[in-house]
Amino acid sequence: MYQSFITYRGGRWFWISLVLCAVSIGVYVWHDLPQPPGGGTWLGYTLGTIGALLILWLTYLGRRKRNYASNLGSVQGWTSAHVYLGTSLIIIATLHAGFQFGWNVHTLAYVLMIMVILSGFFGVWAYLRYPEILTDNTGGKTRGDLYREVAEIDKQLLRQRAKLGPEMETAVTSAVERTQVGGGILAQLTARDDSRVMLPGQGLVANPDQKPILDLVVEQLSQTSHREQAALLREMSNLVGARARLLQRIRRDVQIQGLLRVWLYFHVPLAFACVAALIVHVISVFVYW
Amino acid sequence: MRVLIREIRRTAGDSFEHADSTFEGDVLTIGRATDQVLQLQDRQLALSHSELRQSGRHLSIRAQGSEQLFVNGKRTRAARISAGDEIDIGAYRITVRQGPADYDVALDVEVGELSSQEASFGVGFKQSLDQSRLSKRQLSWGLSLVVLAVFLVVPAIGLFDHDLAAEMRRMPVPDDGLWLSGPMHSAHRFMGDNCNACHVKPFVRVRDQECIACHVSVTHHVDPLLHQFSELEETRCATCHKEHKEPSVLVRNDQALCGDCHGNLQASSPSPISVDDASDFEHHHPEFKLSMLVPSGGALDMTWEIERRPVNDPGLVEQSNLKFPHDVHLDAAGIEGPQGRVQMVCSDCHRPEAGGAYMQPVTMESHCADCHLLTFDAAVPDRVLPHGQPDMIVRLLEEFYSREVLLGGEPAATARSVRDARRPGQSPGAMTAAERTAAISRAQQQAHQVAETIFERSTCAICHEVERVDDPDRDSPWQVLPVRLAHVWMPKGWFDHSSHRTMACADCHEAETSSYAQDVLMPDIASCRECHGGGNARNKLASECVDCHVFHLKDTGLMRPDEPAASLRPIWSDLDEMRGDRVFKMTPVKARP
Numbered sequence: 001m002y003q004s005f006i007t008y009r010g011g012r013w014f015w016i017s018l019v020l021c022a023v024s025i026g027v028y029v030w031h032d033l034p035q036p037p038g039g040g041t042w043l044g045y046t047l048g049t050i051g052a053l054l055i056l057w058l059t060y061l062g063r064r065k066r067n068y069a070s071n072l073g074s075v076q077g078w079t080s081a082h083v084y085l086g087t088s089l090i091i092i093a094t095l096h097a098g099f100q101f102g103w104n105v106h107t108l109a110y111v112l113m114i115m116v117i118l119s120g121f122f123g124v125w126a127y128l129r130y131p132e133i134l135t136d137n138t139g140g141k142t143r144g145d146l147y148r149e150v151a152e153i154d155k156q157l158l159r160q161r162a163k164l165g166p167e168m169e170t171a172v173t174s175a176v177e178r179t180q181v182g183g184g185i186l187a188q189l190t191a192r193d194d195s196r197v198m199l200p201g202q203g204l205v206a207n208p209d210q211k212p213i214l215d216l217v218v219e220q221l222s223q224t225s226h227r228e229q230a231a232l233l234r235e236m237s238n239l240v241g242a243r244a245r246l247l248q249r250i251r252r253d254v255q256i257q258g259l260l261r262v263w264l265y266f267h268v269p270l271a272f273a274c275v276a277a278l279i280v281h282v283i284s285v286f287v288y289w
Numbered sequence: 001m002r003v004l005i006r007e008i009r010r011t012a013g014d015s016f017e018h019a020d021s022t023f024e025g026d027v028l029t030i031g032r033a034t035d036q037v038l039q040l041q042d043r044q045l046a047l048s049h050s051e052l053r054q055s056g057r058h059l060s061i062r063a064q065g066s067e068q069l070f071v072n073g074k075r076t077r078a079a080r081i082s083a084g085d086e087i088d089i090g091a092y093r094i095t096v097r098q099g100p101a102d103y104d105v106a107l108d109v110e111v112g113e114l115s116s117q118e119a120s121f122g123v124g125f126k127q128s129l130d131q132s133r134l135s136k137r138q139l140s141w142g143l144s145l146v147v148l149a150v151f152l153v154v155p156a157i158g159l160f161d162h163d164l165a166a167e168m169r170r171m172p173v174p175d176d177g178l179w180l181s182g183p184m185h186s187a188h189r190f191m192g193d194n195c196n197a198c199h200v201k202p203f204v205r206v207r208d209q210e211c212i213a214c215h216v217s218v219t220h221h222v223d224p225l226l227h228q229f230s231e232l233e234e235t236r237c238a239t240c241h242k243e244h245k246e247p248s249v250l251v252r253n254d255q256a257l258c259g260d261c262h263g264n265l266q267a268s269s270p271s272p273i274s275v276d277d278a279s280d281f282e283h284h285h286p287e288f289k290l291s292m293l294v295p296s297g298g299a300l301d302m303t304w305e306i307e308r309r310p311v312n313d314p315g316l317v318e319q320s321n322l323k324f325p326h327d328v329h330l331d332a333a334g335i336e337g338p339q340g341r342v343q344m345v346c347s348d349c350h351r352p353e354a355g356g357a358y359m360q361p362v363t364m365e366s367h368c369a370d371c372h373l374l375t376f377d378a379a380v381p382d383r384v385l386p387h388g389q390p391d392m393i394v395r396l397l398e399e400f401y402s403r404e405v406l407l408g409g410e411p412a413a414t415a416r417s418v419r420d421a422r423r424p425g426q427s428p429g430a431m432t433a434a435e436r437t438a439a440i441s442r443a444q445q446q447a448h449q450v451a452e453t454i455f456e457r458s459t460c461a462i463c464h465e466v467e468r469v470d471d472p473d474r475d476s477p478w479q480v481l482p483v484r485l486a487h488v489w490m491p492k493g494w495f496d497h498s499s500h501r502t503m504a505c506a507d508c509h510e511a512e513t514s515s516y517a518q519d520v521l522m523p524d525i526a527s528c529r530e531c532h533g534g535g536n537a538r539n540k541l542a543s544e545c546v547d548c549h550v551f552h553l554k555d556t557g558l559m560r561p562d563e564p565a566a567s568l569r570p571i572w573s574d575l576d577e578m579r580g581d582r583v584f585k586m587t588p589v590k591a592r593p
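Same order as they appear, the protein sequences are chains H and U. For the first sequence, counting from 1, position 21 maps to 21 in the working numbering; every step adds exactly one. For the second sequence, counting from 1, position 124 maps to 124 in the working numbering; every step adds exactly one.
If we strip away everything but chain U, and leave its shape as in the complex, we get:
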């Protein structure tokens, strides 16, 4: 193949100049490199761009690699060419012409409209962010790997070795503290940052054993032998006790915590239960029930049992065996006392216990004795009888009057008749045996008269129920019925008097109009609802179940014990005992076989 190559250049003005060269060979290489037969100086072009060959009588051009060229304006990679064809490569135009006589072909090579430099103007500039060193792909991989490494891989090393984990927590390296979803409750902070104290196995929820390991004495909600609720057995400690929360709260106090079961307990309970349904203090809660002390037996063997009665029960009476009119004592005009009239107030007798939740027991010695003097003889107003020992009273009176008749002295008014039996001028020591017997007999008679008066009509009988018991073995035929006052009326709920100090006693307890000790002065649920609403109350004090009730009840057995206890008592019994009322009969419960 013999080719005439004519390179045409534009010069200043519109004139041209050209340089011819001859190529002889099989392959005419075209490209930017210096070893190419036809070197095209265009920065955009590949070093080796195309090859021109002769095959038979035809010429053909083929682009190298992924290069492309234009033949007669059509983009192509290879083409058969003949005279008259125009080949565009980059900024160059190669026009194929019929060669002179001894040439196979002639190529006119001409820079196109623009010079090579002009054509590529703008190409070399970095004018897209993709050409910058920033790479979205690299940044994405980099950031993601950093996050995975710092927050997952490195802290996870501690999962395989708890000692290493503890060491890592001490060192300034990423540790499992980064996984903390919230601060630990202050009650648990003593554990430090040892996550594995509770989180023993990865991907396993904290088990109750880890809680029970420390909280060994936590009791159950109901005795699992008495009542079997699958809900209770399926409930985890963490169902109600939430750790790592913000704000830090250990105990769930939402109503659903209780209401989920107690809202429909009567219908869903597998065994009969005595608890009424409740799910909201304001809208779904039974009337308060009182633990009423009910006496049984006679004066000598009286015992009390607790009977749960609604506070609005019309037949409700307190059977304390005490006589006490609140209205007389709280009379606004005052009440007659040894030092004249006094105006009494509730707190004269009802004093709060330490802590202020409940009231101290009212006692004769502390609260009544200042006014209620146990005198028995107007002539000796300074002599009083002891309280609480009725058996001793008759003997004490006999001793008192015997001494009066036998020893003499300034006579008491009532005692005078006894002593007057002596002869005038006669000293007691001079009495004959018969006279002494007669005197003592009269003294005994007198003592029994006085005793009958105080037991049946005055002193004792003012406050107490007294029965006459004919028992020859006893010194005294009178029996004062034992008194039991309720200490906690509603032992199944929690009430704190001290948080209600802004209220007056009479706001809840209608004592000023009560004339009888039989009156039950406990408020009903309606009085509480004047201020307290349910957990969702908007215009009242929102009160959740756990504000008054507790979950872990006494003597229901241990929570999640290793072995179920053999026998347990009804759930409320020991709660009452804990709070002071120890007199009730416990119902023994048979253990399951």
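Chain H with its partners taken away, still in its complex shape:
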């Protein structure tokens, strides 16, 4: 049975993290703090060491998940631990800081860590939400399958274009050739359609969701009185419509795949910046001990 990293082994890492947080809070509340609390007390050093080791280990997940040969636990188990122990860092680091914040490198490390964790939360949410949407969108097909379907339609469109006169031939050919999927980051994430089409009398214009070319085909259909021509145009309109729907699904697929990964462009660089700030934090604390 499929088991999500959230519920991995009965939420083992959830309970481990919960105990870790509870113990930290308990000791923080219990111990007679030399006033005021901070990283310089014995508890501060302890929590700081735990937190720093956790951060380094959590960062190592990026390396571990590529290490297919490793026998040290499954990647799923690592991910589960990564999520829960990462979340527990909020508590551990805050207690380590003793709620002292300021405009300095120490708080920078803390803020970067919080940003990494928050972007990670988005990642967890994305991993829980998007795979299902992804499957629903493509109906279980791969993107290659969808492209092959588009290509099949294209083949038919191109085969029949010559029978429609030079203007329509140009329009259909340009619609096929100038179909665009994806593009820049924004285009991918917003599923923007940058397709274009050469329309008679209008030149090269935007062709969002193939609607202009479909309109042209339908318009031609309404004007023709030739029976064979009408049948051909009707088939063309079906093909263009089906093609537009396929392209929409492909763009949605690109969009969701992008959303599933875009948070990593924050999570990973911020994590490394956090490790850098952590190094500076530790060094600077002991430079001026």
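Simulated from the structure, these hints should not be mistaken for laboratory data. Take the hints with a grain of salt, since some may be wrong.
Listed next, with one range per pair, are the computed distances between beta-carbon atoms [as the list claims (entries may be wrong)]:
hint	chain 1	residue 1	chain 2	residue 2	range
1	H	Val29	U	His552	27 to 35 angstroms
2	H	Glu235	U	Asp85	35 to 43 angstroms
3	H	Trp30	U	His500	27 to 35 angstroms
4	U	Ser186	H	Phe121	36 to 44 angstroms
5	U	Ser66	H	Gln202	43 to 51 angstroms
6	U	Asp85	H	Leu221	47 to 55 angstroms
Just some of the chain U residues that point at chain H, by a computed CB distance under 8 angstroms [claimed, not checked]:
hint	residue
7	Phe125
8	Gln127
9	Leu129
10	Ser132
11	Leu134
12	Leu148
13	Phe151
14	Val154
15	Leu159
16	His199
17	Pro202
18	Arg205
19	Leu373
The calculated lysine-lysine pairs, modelled on BS3-like cross-linking and capped at a C-alpha distance of 30 angstroms, are [as the list claims (entries may be wrong)]:
hint	chain 1	residue 1	chain 2	residue 2
20	U	Lys242	U	Lys201
21	U	Lys289	U	Lys323
22	U	Lys126	H	Lys155
23	H	Lys141	U	Lys126
24	H	Lys155	U	Lys74
25	H	Lys211	H	Lys163
26	U	Lys74	H	Lys141
27	U	Lys554	U	Lys289
28	U	Lys126	H	Lys211
29	U	Lys540	U	Lys492
30	U	Lys289	U	Lys540
31	U	Lys136	U	Lys126
Since the model is a prediction, treat every value here as computed from it, not as a measurement. All residues carry an ideal CB built from backbone N, CA and C; glycine is no exception.
Mind docking chain U on chain H? Use the hints.
Structure of chain U alone, referenced to chain H:
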């Protein structure tokens, strides 16, 4: 090798057309480039993809570089081929056939199911974030290096040159202020942002010398010659004094600060000590001890020593040599005074010192003399004796009565008998020598009678203990025992009357029911505990050790001195002296060899 190449194209409808060409040579190159023998127009293919060769009677095909091809549906990099084999390269299918008579082989080259353009549809699109210009690796390196440079490398330059560091702090460049873990305490702000004033060596904790450099007069907690506690010697200034904290607090005030040692001091002390264990005001603190003034010696050579006694000691009496019933003076019905009955209150006599912590000394002149007139003769109620000079009293009385008998004037009631000895109508100047001698003798007699009365029965004796001393060298045989009142009863703790102004005096001092000056009216620890709890108290005023006690005690020697002082006194002695009680015997302490 002679090869017939037949390129087959699909045309509109389902018909085909083909074009034949002949190749003669050793190597038949296949690829997308124009210099290839067999040019395949598929964008996915490499410029030079494969080579077909004849070796002996066999033909073999080998993919170039890292390219791959399919022979009869099986992926491979090289294969021996013969008639009937199908080779798939990209969108193209090459079918190997038996060549015509003068050919070694024939190749049917056909675009597969899709045209080359169709087959690669979708390939050219950027449809993954990895294809965008954003790179996680570059971003990670970039951000990390920026953080390291701005927050570590640039500020660290100042570590090698303090002048440069100071210059950097003035300029808008990253400096070591970024390493500040919290704001500096206001007491230290005068140093500006010169971190190196205290942080002298990198990676070395702030040393006590840097503190002592300014705080030159800070004293120790105990005399290291008397008591050797390794804990005290290992304790740094910064153990208790915390800088760069938020909120800004310079002195630790948690109970553990004291309790770590004082909680079990009796058992752990290497030498016997007189301090009881304490770690929490409410639950682990000895009964208050009072510094009782104990007189010794006789009336003429009386001295006081301080004796520490618990406040709940049943035999505790104050030995001030004063008679004073608080209850009479505080009687709700009032007390008889020269101007009639007055209702007295505590503050009539006990006035706070400047600052309000302790009370001013009570003095005869300021607080008693308004009622307690030192008159000695009912006939002359306006004549009073001076206070505090018992030796002069007898002489003053002799002088007074001698003047009365010799000069006359309106006679005082008591003096009348002295003067009546004169003959009627006779003026004093007319007295004979014998008469004058007799008159002065009577005046002296009278003076001694009055003196005996005031010293032993009335005026002086109302408040003072008076002893008769038979000493022929003295004018007066009476000696008023010197009075010593404690100014600070509990000199080892700090108490501030002004912070207890919301309370009544009687809440702590049971003066209204005290009939004797011997009564000690100091509250015990239980009275304080009605309001004050320990540092962790929840329903009482949480009171830490340092709320009442100080660490740096007087005359315990300097903290971290260059050379230990030769000899020092018990720790409490000078504390008492500082607060006004100067009469005690100090125990000289031998210095260690």
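- Failing hints, ascending? Hints 14, 19 are the ones this structure does not satisfy, whereas the remaining hints hold.
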